[in-house]
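2 protein chains.
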Amino acid sequence: MPRAWTLKSRPKGMPTADNFALVDQPSATLEDNQIRVANRFLSVDPYMRGRMNDVKSYVPPFALGEPMQGGAIGEVIESRAADVPVGTKVQHMMGWRDEAVLSASQAQKLPSMDVPDEAFLGQFGMPGMTAYFGLLDVAEAKAGETVFVSAAAGAVGSTVVQIAKAKGMTVIGSAGGADKCDWVKSLGADDVIDYKAGDVVQALAKAAPDGIDVYFDNVGGDHLDAALLACRMHARFAICGMIDIYNEGQPQALKYLAKVIGARVTIKGFLVGDHMARVADFYADMGQWLKDGTLKREETIFDGLEKAPDAFLGLFTGANKGKMLVRV
Amino acid sequence: MPRAWTLKSRPKGMPTADNFALVDQPSATLEDNQIRVANRFLSVDPYMRGRMNDVKSYVPPFALGEPMQGGAIGEVIESRAADVPVGTKVQHMMGWRDEAVLSASQAQKLPSMDVPDEAFLGQFGMPGMTAYFGLLDVAEAKAGETVFVSAAAGAVGSTVVQIAKAKGMTVIGSAGGADKCDWVKSLGADDVIDYKAGDVVQALAKAAPDGIDVYFDNVGGDHLDAALLACRMHARFAICGMIDIYNEGQPQALKYLAKVIGARVTIKGFLVGDHMARVADFYADMGQWLKDGTLKREETIFDGLEKAPDAFLGLFTGANKGKMLVRV
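Which chain is which? The protein sequence lines are E and P, in order.
The numbering of the first sequence is full-length UniProt numbering, which starts it at 1 and goes up by one.
The numbering of the second sequence is full-length UniProt numbering, which starts it at 1 and goes up by one.
Chain E extracted, bound-state conformation (with noise of 0.2 Å):
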């Protein structure tokens, strides 16, 4: 019988494995124009915590007890969709679960691309294009430019780096850890912050002396007063999630906020949906690079839907370097 995640308990702080429950499906008869995906693989991004509580955002909460949506990719394995037949390999929001029924509207074939189908939900899919046009559209980065990256080992922040050198920039990523810090320098990162092994704000003043142009925020917190001690004039910050306040409902504490007057900085908060007129350019780009091995990927990887809820807290535990992904 086909299963499914669902929220059990709304978490208060950090959630825990306590929040969820994998709970049997019964297995629904197809309508008209409806598809039947067996998932192969499951994605689990930090925006999902934003979805656990019950408050008004910019995606709605999870309901209690229903199964949880996320990004998906499977393969169709029934049909009552003339154009999309079984077999067909395709992507869509209903994860979480091993087997999914949707309207075929709801579902988007994979792009025919020399690419494999996981990387449809990391560096070609939702974190690859935030990382594409946030630090290219939103931040208006530009050759020559100092970029500062936070949580650079992570989906999106490994792929600002990769794109940041691609573009001819000088990158400055932070990460937790040793082994975390020299996978993001095999990336390309110009200098990396190892941000659990002391401040922030003095390492980047350190890594960074004559300033940065452009600050890629994940995370919010010390980074972001990091990045606006450090700011040059005209700097501009594309803040794309900030998992450091996630789990805490607490204050964010800025010291260096009014720094944004002096030094003209722009702060834009974006989300990918908004950027897709240009994705035709994103395809063309990344397609390119990892060709010619400019892009290099890479997933952590947890085998089984068991697995799906300590895939996500591992995304706050730092356990993945580049995309998280559960495999079904």
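Simulated from the structure, these hints should not be mistaken for laboratory data.
Since the model is a prediction, treat every value here as computed from it, not as a measurement.
Don't take each hint at face value.
It does not matter which identical chain is meant; a pair holds if it fits inside one copy or across any two.
Said to hold, decoys possible - SDA-like, lysine to any residue: derived pairs with alpha carbons at most 20 Å apart:
(1) Lys255 / Asp222
(2) Lys12 / Tyr256
(3) Lys307 / Pro67
(4) Lys89 / Asp18
(5) Lys321 / Ile77
(6) Lys8 / Lys307
(7) Lys12 / Pro111
(8) Lys167 / Gln34
(9) Lys307 / Arg327
(10) Lys206 / Glu118
(11) Lys142 / Glu299
(12) Lys255 / Met52
(13) Lys296 / Pro85
(14) Lys255 / Arg51
(15) Lys291 / Gln69
(16) Lys255 / Gly13
(17) Lys296 / Arg232
(18) Lys321 / Gly168
(19) Lys321 / Gly293
(20) Lys12 / Lys255
(21) Lys255 / Gly50
Use these hints to put chain P onto chain E, whose structure you have.
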């Protein structure tokens, strides 16, 4: 003998009268191209607090024991510059003193407009331009939008209120105390929050149940947090000043910063000097609004050079309605 206020000691936190000393200045002989100006009005402004610290910022720090600087308007009483004869009224940056000796190139003749001289230190000078360019160019506020402005009884804020109304916007201001709130309302504000009477976050949520499109920030702190919580999709924040933190050096605690992501907020710091390309539009609009009664002038004037520190300190206790000036 001419006298000038010098910075005797650098304040920690809120400045006091003890930080200032009024010192006799031997009258200098003019060199070629220099002028001697009898100052009539001196400007005191919140940004001067920053210059009292010995730290690099967008304006250099005041030197200990030297006459301080600031906007001033006066009349040329001696001249060795052919194009700036005795009797010319000029504006310059050698305030905090009764008599200034400077190069003619450091002084600007007052524009020939039907406006009292002292207005060129207020609505027709730097504070007015800050309001105009910040609201219309930095925040790109448009007719029909809802604008929130803090320190709405101050020189900049009260002008923002009036420009926003002249341009067809809905305006919510904040000010401290019933008297000032009444005055801001008399300027045309649709609603006014008395930040001394309660929590500004709750008050703004109530005053703007449908949210705000623009926040003109003069104070930072709780007001900024209130604006973040209330922001509509694609809101723009123009960060003009953060008077709340000039005196504190404390971190700002923001609970709602992550709202910039979902609401795609743009936060921009700015300095008025970057926007001078549009100064002709500024004079044209402001002149017209003054003439037709749309724009009301208000200055709080302290009489006598001796009172300059009191006037300055009054900026931080809310002693002014409109522009704070010293009449020499």
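Checking Lys167 and Gln34: alpha-carbon separation at most 20 Å within a copy, between copies, both or neither? neither (42 Å within a copy, 52 Å between copies)
Identical-chain pair category, Lys296 with Pro85, by Cα at 20 Å: neither (33 Å within a copy, 71 Å between copies)
Since the copies are identical, ignore which copy is meant and state whether Lys255 and Gly13 lie within 20 Å (CA to CA) inside a copy, between copies, both or neither. between (24 Å within a copy, 15 Å between copies)
For the identical chains here, do Lys321 and Gly293 meet the 20 Å Cα criterion within one copy, between copies, both, or neither? within (19 Å within a copy, 64 Å between copies)
With identical chains treated as interchangeable, where does the CA-CA distance between Lys255 and Asp222 reach 20 Å or less: within a copy, between copies, both, or neither? Both: 9 Å inside a copy, 14 Å across copies.
20 Å Cα cut-off: does Lys12 pair with Lys255 within a copy, between copies, both or neither? between (27 Å within a copy, 16 Å between copies)
Alpha-carbon proximity between Lys291 and Gln69, which holds within one copy, between copies, both or neither at 20 Å: Neither: 32 Å inside a copy, 61 Å across copies.
Is the C-alpha distance from Lys8 to Lys307 at most 20 Å within one copy, between copies, in both cases, or in neither? within (16 Å within a copy, 67 Å between copies)
Intra/inter-copy verdict for Lys142 and Glu299 if alpha-carbon distance must be at most 20 Å: neither (28 Å within a copy, 46 Å between copies)
Check Lys255 against Met52 for me: Cα-Cα at most 20 Å, and say if that holds within a copy, between copies, both or neither. between (30 Å within a copy, 18 Å between copies)
Within, between, both or neither: how does the pair Lys321, Gly168 come out at a Cα-Cα threshold of 20 Å? Intra 24 Å, inter 52 Å, cutoff 20 Å: neither.
Homo-oligomer pair classification [Pro111, Lys12; C-alpha up to 20 Å]: So Lys12 and Pro111 fail the 20 Å test inside a copy (39 Å) and across (61 Å) alike.
Against the hints set out earlier in the document, violations occur for numbers 4, 5, 7, 8, 10, 11, 13, 15, 17 and 18.
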